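Student: Listed below are the residues making up each chain.
Protein chains: 2
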Amino acid sequence: MKYNFGAGPCILPQEVFKQASEAVLNFNGTGLSILEISHRAPEFEAVMDESVHLVKELLNVPSGYSVLFLQGGASLQFSMVPANLLAEGQTAAYLDTGAWASKAMKEAKLFGNVQVVASSKESNYTYIPKDYEIPADAAYFHCTSNNTIFGTELFSFPKTPVPMVSDMSSDIFSREINVEDFGLIYAGAQKNLGPAGVVLVLVKDELLGKSGRKLPSMLDYKIHADNKSLYNTPPVFSIYTAMLNLRWLKAKGGVGQMEKENTAKAAALYEEIDRNPIFKGTCQPEDRSRMNVCFVTENPEHEKPFLKLAEERGMIGIKGHRSVGGFRASIYNALPITSVYSLVEVMQEFAQKNA
Amino acid sequence: MKYNFGAGPCILPQEVFKQASEAVLNFNGTGLSILEISHRAPEFEAVMDESVHLVKELLNVPSGYSVLFLQGGASLQFSMVPANLLAEGQTAAYLDTGAWASKAMKEAKLFGNVQVVASSKESNYTYIPKDYEIPADAAYFHCTSNNTIFGTELFSFPKTPVPMVSDMSSDIFSREINVEDFGLIYAGAQKNLGPAGVVLVLVKDELLGKSGRKLPSMLDYKIHADNKSLYNTPPVFSIYTAMLNLRWLKAKGGVGQMEKENTAKAAALYEEIDRNPIFKGTCQPEDRSRMNVCFVTENPEHEKPFLKLAEERGMIGIKGHRSVGGFRASIYNALPITSVYSLVEVMQEFAQKNA
Ligand SMILES: Cc1ncc(COP(=O)(O)O)c(C=O)c1O
Ligand SMILES: Cc1ncc(COP(=O)(O)O)c(C=O)c1O
Ligand SMILES: [Mg+2]
Ligand SMILES: [Mg+2]
Ligand SMILES: [Mg+2]
Ligand SMILES: [Mg+2]
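If you read the sequences in order, they're chains A and B.
So the first sequence is numbered by UniProt numbering: it starts at 1 and just counts up by one.
So the second sequence is numbered by UniProt numbering: it starts at 1 and just counts up by one.
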C-alpha cells in the first residue's frame, strides 16, 4: 500500500486513473486512442464543452466569465496576467505570501509597477498578512489563495476596490469560492484539477483587452477566449483527464462536500501534530492550509528517522520543501481520510519508539 | 478496422498506446500512476534524461545544442523564436510556404522587422520557392520544413549566411537532417513525436541571450536550458509518451529507416493519385510532402461520394483542410504501409464504380 502525499503532480482518484488509462487504448468506444484524436473532431469538442461546463457548474461561475484551458502552467500566468491586465505605467498590487507570490511579482515587474501591499517574508511566510490597504488606482490586486510551499491558506479574501486576481493552483476545487469576487483566477491543473500540462483560467470578459498591449497571440486571453481554448492544439489528454476528475468531483457531491472532507482531514492531522510531543506545525494556526500541512520535529535529530519510518510504511512525498524543511503532507481532494489516519498512526508509532 | 490518416494529433504506434495506458495505472512498477509522480522525483528525471538522450541519438545532435521539452505548442515558438533571437530593430528573413509560415511571420513582426525572402502564396502554396537570397545581415532565416496544410516539403534546405530556424512540427523524425545546419529547430509533438501538450526545441547554445531582451521567464530559452526543461512543472505524461515513441523509433531502426518507409508509403499513394483518372495531386510533384498527401477529385462532384466511401471503409481524417479542399492523407511514421494500400484500394474501388 502506498500513500501519496506529494505536493504536485499528485494523487488523483483511482477511478480517474482507470478511465484515463482505458481512453489511451480506446476512447469512448471509437476504437481510437484519446492520444490520436484530432482536437477539431466533434468527439474532442464534446470533451472541451463538458470540461468548461463542469467548471462553471462546480464553481458556480456567473455569466460574463470565460473558462480557458491553456498551456504553460501557472508560471506562464505569472506573465500573462500583467501582460493582459497591466497597462504601461500602471501599478499592480501584490500580496506577498510565499515563493509563488514572489515569482508572480517578479514577472509582473517586466510589464509595469508592482506594489507589495503586505508581506510575511520576514517570518519565512508562516502567516497570512491581514492588515493592508489596496490602492484604489491599482490595475488589479493579486493574491495566492493557498501557499503550497509554506502551508498557509487565505481563509478570507479582502474586499478590494480593484479587480482581484488569484493564483489558486493548489486549492481550486478544494473549497467554495465566490467567483464574482474575482476578476481572474488561474490554477495549474496538477493538484486538484488533473494531470500536469494544462492550466485553468477564469477571466471576467470585461477585463480582456484592457492593457492596450499588442501581445503575442498565445499570450492574449482574448484570442484564447474567442477560440474557446482551441486557438492551437490544446493538451488533449490533460484536458480529458481533468474532465474525468471533474465528473468524479461532481459525483462526490461537489466542492462544498470536498471542503467538508478536506477540513476534516486537515483537522485530524493538525490535531496529531499539536498533540504529539515529537512534532510541531510551522504556521500560525489560524492560517494553516487544508491542502499542504507543514510540520517539523521538535528535535532536529528526529527528522531523518521519522522520514525513514514513514517511507517504510508506504508514505510518499512527505519531505518538506527545502525552504521550510521538515515535512509537508499534501492532502488534496483525492487523498482519502484513511491515508491521513495512516500517517497519524506512523507519527504515533514514532512517538512511542522515541518517548 | 480503422485507418487514422489525421493530420495531428495523429496515430502513434499501438505499442506506445499500450505502454502509455499501462503507465497511467502503474508507472514502472512503482504502484503509482505516471500522472501522480512528482516532476522532481528521480523516476521522472530518468524519463526526461532518456527523452533528451534519445532525441540526441536519433537526430545525431552535435554538442553545443540544448534539447528542450516545453509547453505552448509550435504556436508559442512562433513568438519565442523572435523574442529570443531578434533584437530590437533587427530583421528576420522568412520563407513563406504556407499558413504556418505566415503565422510565424505575424508573431515575429511584434519583435522586429520581417523580410519575406520568397512566397508561393500566389499559387495557394502549391510549391516551394527555390530562388531567393537570404540577406547576410538578417538575425536568422526561418523556414517550415513540411507544410502540413498544403502538402509540400522542403527536400533541400538552403545554404544560409545566418542561423537557420526551422518549424519541423510535421516532419521531425520522419527524415534525416543535419542538425548542425540549424541554429534552432522546433516541433509541436503531436505528429511524429508524441501526444499533444509538448513542443520540442533544439537550440544552439551560442544563440541564447542574443536578443538582449528582458523576457518573461517562461519565454526565455536560456532559463529553460539552465533548468533542463524543469523550470516549472512540465507536461509529464506527454513527455513520457514521447519517450516511449522515441524508443519505438529507435527499435524500428531510427530516422533513416523511417525515411525509407515514409518515402515508399508516399510513392505508393502519389502513384495511385497520378494513375487514377478520378484524382489529381494539388502540389508540384518535386515538392510533394511525404507526410501530408493532398489531392482532389478531377470532377468536384466526386468529392463527397469518395469521402463517404472512404469513411465507410474505416478511413479517418482524410478530409482536406478548408484552404485546399479535397483530401489530405497524413501518413506519419506510425501509419503502416498497409493502411496506405487500403486507401489505394478504396481509390481504385471508387474509380471502378465511377468509370
Ligand atoms: C500556488 C502555486 N502557484 C504556481 C505554481 C507553479 O505552477 P506551474 O509549475 O504549473 O507553473 C505552483 C506549483 O506548485 C503553485 O503551487
Ligand atoms: C508545421 C506546423 N507548424 C505549427 C503548427 C501549430 O502547432 P501547435 O498547434 O502545436 O501550436 C502546426 C500544427 O499542425 C504545424 O503543422
Ligand atoms: Mg508558496
Ligand atoms: Mg506537537
Ligand atoms: Mg502549412
Ligand atoms: Mg490522377
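Bear in mind the hints are in silico, worked out from the structure with no lab data behind them.
Worth double-checking, as some hints may not be accurate.
Pairs involving identical chains hold if they fit within one copy or between any two copies, as the list cannot separate such chains.
[Said to hold, decoys possible] With a cut-off of at most 25 angstroms between alpha-carbon atoms, the simulated DMTMM-like pairs for lysine to aspartate or glutamate come out as follows:
#, residue 1, residue 2
1, K280, D205
2, K103, D226
3, K222, D274
4, K106, E345
5, K204, E50
6, K222, E57
7, K304, E15
8, K353, E180
Just so you know, these numbers come straight off a predicted model, no measurement behind them.
Student: Output the numbers, in ascending order, of every earlier hint that fails for this structure.
Tutor: 1, 3, 4, 7 and 8
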